[in-house]
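Model the full assembly from the supplied sequences, consistent with the hints where possible.
As you go down the protein sequences, you meet chains A and B in turn. For the first sequence, counting from 1, position 84 maps to 84 in the numbering used here; every step adds exactly one. For the second sequence, counting from 1, position 180 maps to 180 in the numbering used here; every step adds exactly one.
Mixed in with the good hints, there may be bad ones.
Computed list of lysine-lysine pairs in DSBU-like fashion (alpha-carbon distance at most 30 Å, straight line) [as the list claims (entries may be wrong)]:
1) B/38 <-> A/163
2) A/53 <-> B/189
3) B/19 <-> B/227
4) B/54 <-> B/189
5) A/64 <-> A/143
6) A/202 <-> B/21
7) A/7 <-> B/38
Stretch-level coverage of chain A by chain B, calculated; a stretch enters the list once three of its residues show a Cβ under 8 Å from a Cβ in chain B [as the list claims (entries may be wrong)]:
8) 14-23
9) 30-43
10) 47-58
Some chain B residues close to chain A (C-beta under 8 Å, calculated; not the full set) [as the list claims (entries may be wrong)]:
11) 72
12) 107
13) 142
14) 145
15) 146
16) 185
17) 188
Just so you know, these hints were derived from the structure itself, not from any lab. The structure displayed is predicted, hence computed values, not measured ones. Cβ atoms here follow ideal geometry from the backbone N, Cα and C, with glycine treated the same way.
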Amino acid sequence: MGEILVKEKEIVAPGDVLASGMDYIPTDGAFRDGENIVSSLLGLVYIKGRLIKVLPLNGVYIPKKDDVVIGRVSDMTYSSWFVDVGYAYDAVLSLKDASSDYIERGADLTTYFNIDDFIIAKVLKVNKSMAIDLTMKGPGLRKITRGTVITITPQKVPRVVGKMGSMVSLIKENTGCQIVAGQNGRIWINGTVPDMERLAVKAIKFIEQNAHKSGLTEMVKTMLSKEAKK
Amino acid sequence: MSYNKRFDGRKFTETRPMKAKTGVVKNAVGSAMFQIGKTRAIAAVYGPRELHPKHLQDPSSGRLRCHYNMMAFSGSGDRVRPGPSRRSKEISYVTELALSPVLDLSAFPKTVVDVFIELVQTDAGTRCAGICAASMALADAGLKMKDLVCAVSVGLVGGTPVVDLNYEEEAYEEGAVDIPIAMTPRDGKFSLLQLDGDLSKEDFEKALALAKDACQKIYEVQKNALKERYVEDKK
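If you want it as structure tokens, here you go:
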């Protein structure tokens, strides 16, 4: 007989026993040790049917295929760019994935992306040794020329976006800013009014600090309306 | 004369009062403070990040690299000479060995996870406090671990088995044996066992049993500290 020993959304530490018996199956952040299912992360427990997973509360960005990320061009060669996306090693954006233009041999590539440019890109491929390939081909992928880029803990990006993008549209409506959240924890905010841009930054930092709490949307709503009155 | 009352009035099976906290170093990915008695360790975890020199890179897994350091003002006697020493290199190395059995870095090939352990104040048992702080900091950094690691020193003071020796006891005139131990509390396996002094097999087994009980208490302190940061302000 299987038995669950923790509550949904409970905070667990590595080594905590989550369930006993063979009725449940460990997925991300959990593993089986004999009869027990044990957490391998400091995080929140989610139970879905027979599946048990633990989502981490902290950490660095771990690249995944199809993630939209915001990166900084750190270096370039005659046919590719190296982009810092927050992982241990730089991602590669090759010329063929960077643009659909016809590019003459020996053309000046800095006209496309130069070192220190920020770009919104998509992870095309991550291989087994965690070499990352990026692409610029897709809707909304481009070079960033204005606005602010802030960095938050990557694990908290889903809370900033919210269910079906509810949280991010709440901030957009209240500040009139354009916001793109990269899965690597970098968020681009572009507003016409500097004060509103600052307010959006404040709201996102607020979400980051309170990401593990429930009723976050309401808290952000009251925070934004309070700030708007000032 | 046998040692039948401890210098600080503790029971023989009692550890010094413990304190633990996570998130103490803002710039680190994960960090923790662990204090036992007067010994206080702060651990900060950076990474997984790029590893150089390149020949140290392991294409199948990440690497753990520990740096143990006693701060110049940390002791109660002379100033500790700053910089790496024979002793601190050894402790860094055994700390790596004590932590690596629980840590899973296979998702981060060719990278390194750096753990910096700084001893702010010392009164014996520094490597154990360092390991306790480091294992909490690794968990706080969101890394995959099979279990936490708890460490404590046990030993004989004047022939009596005691837990968690302080400096006064370690330097006991009539002879003291010091056994620093690290343990994974769920399965009760040891990942560090060093010995300074000599003792009988019976005493050794008694000391190990004491260490197991003490580690369970340390485990509770570590676990509560890890969760506290997120639970406390939930109210």
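Checked hints:
With a C-alpha separation of about 48 Å, the suggested pair residue 38 of chain B and residue 163 of chain A falls outside the 30 Å cut-off, and the hint is violated. Between the alpha carbons of residue 53 of chain A and residue 189 of chain B the distance comes to roughly 26 Å, so the proposed pair stays at or under 30 Å and holds. For the given pair, residue 19 of chain B sits about 14 Å from residue 227 of chain B by alpha-carbon distance, which is consistent with the 30 Å threshold. Among the hinted pairs, residue 54 of chain B with residue 189 of chain B is inconsistent with the structure: their alpha-carbon atoms are about 34 Å apart, more than 30 Å.
Restraint check for residue 64 of chain A and residue 143 of chain A: satisfied, since their Cα atoms lie roughly 21 Å apart, inside the 30 Å limit. Of the supplied pair hints, the one linking residue 202 of chain A and residue 21 of chain B holds, its CA atoms being roughly 27 Å apart against a limit of 30 Å. Only pairs whose Cα atoms come within 30 Å are accepted, and residue 7 of chain A paired with residue 38 of chain B is rejected, the gap being roughly 37 Å. Here the segment 14-23 of chain A counts 4 residues with a CB under 8 Å from a CB of chain B, which clears the bar of 3, and the coverage holds.
Coverage of the segment 30-43 of chain A by chain B holds. Counting CB-CB distances below 8 Å, 7 residues qualify, and the rule asks for three or more. Against chain B, the segment 47-58 of chain A contributes 3 residues with a C-beta closer than 8 Å to a partner C-beta. That satisfies the three-residue criterion, and the hint holds. Look at residue 72 of chain B: its Cβ only gets to about 31 Å from chain A, farther than 8 Å, so that hint breaks. Of the supplied interface hints, the one on residue 107 of chain B holds, with its beta-carbon coming within about 7 Å of a beta-carbon of chain A, less than 8 Å.
Among the interface hints, the one on residue 142 of chain B holds; its C-beta lies about 3 Å from the nearest C-beta in chain A, closer than the 8 Å criterion. Given the 8 Å rule on beta carbons, the hint for residue 145 of chain B holds: about 4 Å separates it from the nearest Cβ of chain A. For residue 146 of chain B, the interface hint holds, the least distance from its beta-carbon to any beta-carbon of chain A being 6 Å, beneath 8 Å. Because the closest C-beta pair between residue 185 of chain B and chain A is about 7 Å apart, less than 8 Å, the hint holds.
Interface restraint check for residue 188 of chain B: the shortest CB-CB distance to chain A comes to about 12 Å, outside 8 Å, so the restraint is violated.
Of the numbered hints stated above, those contradicted by the structure are hints 1, 4, 7, 11 and 17, listed in ascending order.
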